[in-house]
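Respectively, the protein sequence lines represent chains H and A. Number 152 in the working numbering belongs to position 152 of the first sequence; there are no gaps in the numbering. Number 1244 in the working numbering belongs to position 244 of the second sequence; there are no gaps in the numbering.
Treat the hints with care, as some may be off.
Reference listing, derived: stretches of chain A covered by chain H, where coverage requires no fewer than 3 residues with Cβ under 8 Å from a Cβ of chain H [what the hints assert, rightly or not]:
id, segment
1, 1324-1331
2, 1341-1355
3, 1358-1364
Just so you know, these hints were derived from the structure itself, not from any lab. All residues carry an ideal CB built from backbone N, CA and C; glycine is no exception.
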Amino acid sequence: MTDFSVRSDNVDVEQIMRQIRARIREKRGVDYTEEEIRELANVKLEKFLDPRGVRSDLLEQFRRKREASLPPNFKFEDSTLFETHRGLLAFIRRLLRPILKLFFNPNPLIEALHIQSKLNAQQAALEPLYYEVIHNLVLETTRLGIDVKNLKMRVESMSSRLDFDERRARALEGVVQYRPGAVPPLQPPTGGGESREARGPETAEQSERRNRRRRRRGRRRPDERGPGGGPAPMRNGTGQSDSRGLTRDGGGEADNQQQSEAGSAIAPDVTPNDPGPTQESGQSDDRRLTPVHSPEPSES
Amino acid sequence: MKLAVAVQRYGADINGGAELHARYIAERLARHADVEVVSTCARDYVTWKNERPSGIEHVNGIRVRRFPVVHQRDPYHFGRLSRRVFDQSHSLADEIAWLDSEGPASPAMIDYLEQAAPKLDFILLFSYRYYHAWHGARRVPSKALLVPTAERDSAIGLGIFGPTFRGVRAVMYNSHEERAMIQAATHNEQVPGVVVGVGSEIPASTNAERFRRKHNIRKPFAIYVGRIDENKGCKELFDFFLRYAATFPKGLDLVLIGSAIMSIPQHPRIHHLGFQPDEDKFDGIAASDLLIMPSYFESLSMVALEAWALGRPVLANGRCDVLKGQCIRSAAGLYYERYEEFAETLYALESNGPLHARLGRNGRDYFTQHYTWPVIERKYLDMFDRLKRDDATGSTRAPVESLGGWFARRRTDRRPASDVLAGIPSGAAPTGNSNNLSRSA
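The task is simple: from the sequences and hints, build the whole structure.
Now the structure itself:
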């Protein structure tokens, strides 16, 4: 959302509107300008769209059909029935018109044909609108196709990063050593029944808690925590905190970008100061994890 | 000084824009002159049916002389003639027939104006497009001041109105955009004119909390005041607001004041309060964060002026030239033309406190400088003085242009009025400085 700073007494509404429109333009076309999309829609449809679904020559065909099928319209006014280029004949017709009207009333006929003429004209006027609608639809479909393609790529990229994070988290857990005197670490189940028996009977609740801790360790990343380790603040599209607590569903494109950029620099998710998930679960646990080595410099 | 105010309908219970405008002006000018209102017996602006007795009565201390309308409007005939003059090549006779069909046709009213003219200093004719204003201006041009209340519709493209605008003594415009449109259509630049508008009865104090308590509205809200009608842009407003509400779950509510002639979406954040007395209306505006004006066609939005008077910014439909121009000149409102702009501007007004406050202050200043009653009255009185000075100096005026003979009137040589309108430049009236408050001179 647009943010304006009002520094002086003079407010230029036109300037504000220009800023708002620029902002909207920015949001709409991050990768492609209107001209580029138009060009793509005209030339390279098959590259983005399924050619079986939308024909790239749709507009051209529509135009050709329209030109071929448009019949000429006619004008029908009150005087059309009696018109002639011969002055004398026109005079005689005008003279005899009252007599003609004794036999039948031409007014409904004139009115009907007049309306028909209007309808024809309206239909002809609508045709360009249909063309415009189809044209815009093709453009929007192209734009959506591009967006879908981009989003697919982003989803793939994010899922590969997530996999990488999980693998890294598991690797980190494997290389930490524990202080002497600390309670022996909980080993991941190896599939044998001995270790389970050696630790004594384990309740379902303990097992579930341990699994939950593992899942959390695997998921958390430093960039997901706000200042002081709290949740990240809700931001608006400009990256500024919304003081009124307004949230926007579906917005936050910048947030996503920010997160994905931050996610590329992986920091160890277990640090000496990290109270760890045990505090969250309310248990006292003096097992402090100390990394043997820092696998990579943490995010600055 | 003796003045007559001629308007198509008149009464304390008539709240139509031009009619209310006329009543306010008549009541205000009555403090400076002997004012008589000349009107019809009609109450309904669609049929012009005679519903009030003819003769003299008093409304809020103003003498009102009513004349019967000779025929009601036939919607079929009027529609047919409208199509003809707006969309087809036609003749001057067609346009005159259209005017007669539109009504309110009251020849007795015109005769009275002609008879009374020698005893009057000036006659204020409201609403250029109606029978009484056109015939009145042609019959007594030397006394006629026109208050056109023109909107951007096809009627302004009709040829019969050119001589009227060029023949009257002066034109009292509602806005710069209206003046630009009329001058472009009729080339009446030589006729004295001033952008005046109309004031409003703003209460000395408002009670926002009382409004909130009475209607049980606790959350911040935007307000719309007026008839809830598709022609007023309400359908688009609802579409946009519903999308906005879905996007901003904690954003503003929308409060609607006015009678509804279209269905209103059922939504927890849309509150329709129906028609409300003036006290509630002003308290509601004072309680709101901003006023939304979604109308496409306005010659002057009184409710926007009222919002500005109370220090509330306005979010207007940018496709209405007048509203857009006023937002720019006053620097007291933003405008939108599509959903993205609606969402951004509404969000900006909702969330940016300094901007909101500055626009509100500008609105109050704008109203104080241009639309308080002393300012409005002074503009009218100055114009009367100027015209009297012109009379005293004996400056000659050209007579109202003739409409031609029988054959000339029936020559089909007039362009469709919609084509003429399309050729008239649109948009906010050009201004050098967006915050220039001295334009309305």
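Checklist entry - Which hints from the list above does the structure break, by number from lowest to highest? => result none
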